[in-house]
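K.L.:
Protein chains in written order, with numbering that gives the first Met the number 0: chain A, 0 to 221; chain B, 0 to 230.
These are calculated hints, taken from the structure and not from any lab test. Here a beta-carbon is modelled for each residue, glycine too, at the ideal position from N, C-alpha and C. If a hint is listed, it holds; no wrong ones were tucked in.
Each pair of labels, with its calculated beta carbon distance range: (1) A:K10 x B:Q84: 52 to 62 Å; (2) A:K10 x B:T70: 39 to 49 Å; (3) A:E191 x B:G170: 47 to 57 Å.
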Amino acid sequence: MSSPTTYSLPKLPYGYDALEPYISSQIMTLHHTKHHQTYITNLNNALQTHASALKSGDIATQVSLQPAIRFNAGGHINHSLFWQNLCPANSPNAKSSSAPKLTEKIKATWGSEEKFKKAFTEALLGIQGSGWGWLVRYDTGAGGSESGRLGIVTTKDQDPLVGKGEVPVFGVDMWEHAYYLQYQNGKAAYVENIWNVINWKTAEERYLGSKEDVFKALKSKL
Amino acid sequence: MSSTLLRSSALCTALRASAPKASKAGIAGTTFVRGKATLPDLSYDYGALEPAISGKIMELHHKNHHNTYVTSYNNFSEQIAEAKQKNDIAAQIALQPLINFHGGGHINHTLFWENLAPTNQGGGEPPTGALAKAINDSYGSLDALKEKFNTALAGVQGSGWAWLVQDTQTGSIQIKTYANQDPVVGQFRPILGIDAWEHAYYLQYQNRKAEYFKAVWDVVNWKAAEKRFKQ
Ligand SMILES: [Fe+2]
Ligand SMILES: [Fe+2]
Numbered sequence: 000m001s002s003p004t005t006y007s008l009p010k011l012p013y014g015y016d017a018l019e020p021y022i023s024s025q026i027m028t029l030h031h032t033k034h035h036q037t038y039i040t041n042l043n044n045a046l047q048t049h050a051s052a053l054k055s056g057d058i059a060t061q062v063s064l065q066p067a068i069r070f071n072a073g074g075h076i077n078h079s080l081f082w083q084n085l086c087p088a089n090s091p092n093a094k095s096s097s098a099p100k101l102t103e104k105i106k107a108t109w110g111s112e113e114k115f116k117k118a119f120t121e122a123l124l125g126i127q128g129s130g131w132g133w134l135v136r137y138d139t140g141a142g143g144s145e146s147g148r149l150g151i152v153t154t155k156d157q158d159p160l161v162g163k164g165e166v167p168v169f170g171v172d173m174w175e176h177a178y179y180l181q182y183q184n185g186k187a188a189y190v191e192n193i194w195n196v197i198n199w200k201t202a203e204e205r206y207l208g209s210k211e212d213v214f215k216a217l218k219s220k221l
Numbered sequence: 000m001s002s003t004l005l006r007s008s009a010l011c012t013a014l015r016a017s018a019p020k021a022s023k024a025g026i027a028g029t030t031f032v033r034g035k036a037t038l039p040d041l042s043y044d045y046g047a048l049e050p051a052i053s054g055k056i057m058e059l060h061h062k063n064h065h066n067t068y069v070t071s072y073n074n075f076s077e078q079i080a081e082a083k084q085k086n087d088i089a090a091q092i093a094l095q096p097l098i099n100f101h102g103g104g105h106i107n108h109t110l111f112w113e114n115l116a117p118t119n120q121g122g123g124e125p126p127t128g129a130l131a132k133a134i135n136d137s138y139g140s141l142d143a144l145k146e147k148f149n150t151a152l153a154g155v156q157g158s159g160w161a162w163l164v165q166d167t168q169t170g171s172i173q174i175k176t177y178a179n180q181d182p183v184v185g186q187f188r189p190i191l192g193i194d195a196w197e198h199a200y201y202l203q204y205q206n207r208k209a210e211y212f213k214a215v216w217d218v219v220n221w222k223a224a225e226k227r228f229k230q
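One chain only, chain A, in its complex shape (with noise of 0.2 Å):
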């Protein structure tokens, strides 16, 4: 029987001090070395565990560790996906206008840029705890008009975005972690300032592409 695979941290496509002011180098420096590599570290060593269980039949073990792995998995996949969807406020991917295709179906869906970004904020700071934020376009994987739809939708914790047919196009950390250090109890400050660094570039292709892209593309980074 073979060993599990082991992940490893992607590089961040960019330098930890590249989106300042809105996000201190300080803030992505430990948010990359210490807290996305903890998740990894503990999704290969629960991966290793359950991988013991499997060949010794312990089903109990197996069941116990589900929700590590769905945890720290859920906490890689997340950070891996948020690093890609941003990027510094002078490139030209931060500007909507390098998602044509995406802002048509935003505007389609919202009214317009601006209360989608208010609604998203809004669902943002509603979370609860900790969580994530995301636009998802739904995937159906009947196509037709269904397919394609946009929402927005939260997340509690580290939960992923998979086996439901949401497809991440981007998504914002809420956990205190990720702006504490800057913007300490003022989180929608952070909220208001992190639409000068997304990527508006990758949340296009996330939209263009299947589901499978978007994981492809993760899984190539691991």
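Given the coordinates of chain A, assemble chain B with the ligands onto it according to the supplied hints.
P.N.:
Leaving out everything else, chain B with the ligands in the frame of chain A:
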């Protein structure tokens, strides 16, 4: 309505003390009086728990975080009272999670401030009497309890709290974790709680939360825990 919620956590003197301040609110031509939650004062200075918890953390945690729970709780209480007046059941149900979250945040933090104390006011001094006996009977020793408690704290996935609680049916004690601001109500009585939200330690400990969980025992006020414990 709000006073019922507050009274159910009757262990907490500060919560009760803040409850009777009545305010008048006229809704749709009807006037009624109700208690408003208020931010309790700390019985020690913000810097008094250093080095275990920094003064900066205590100040933000009390003046900003806790206060936001208080004002939000009052706001949603008012809305739910209004919905009740109008017999709008759907609105009342929709408001329940917000009452639970913000009311829970108020209760939890109020209990938390009380179960902390500076070392020169008894912080870190081990429990005595019936609670000490219950801890030894259930866990073998205080150190063993702390170790289990810290494991529970470390296991909180996301935001939440760990509590030493007493089962109101059996009287026995146990460690339980609660998500977000879920309060210890119903079958269990809160004895001692530790805030495991990142805002409780991040400015000082960042991702090294195990260090916070270790240090916080230096400022735990077991006297407050003893008062909550019922024989
Ligand atoms: Fe994060
Ligand atoms: Fe807190």
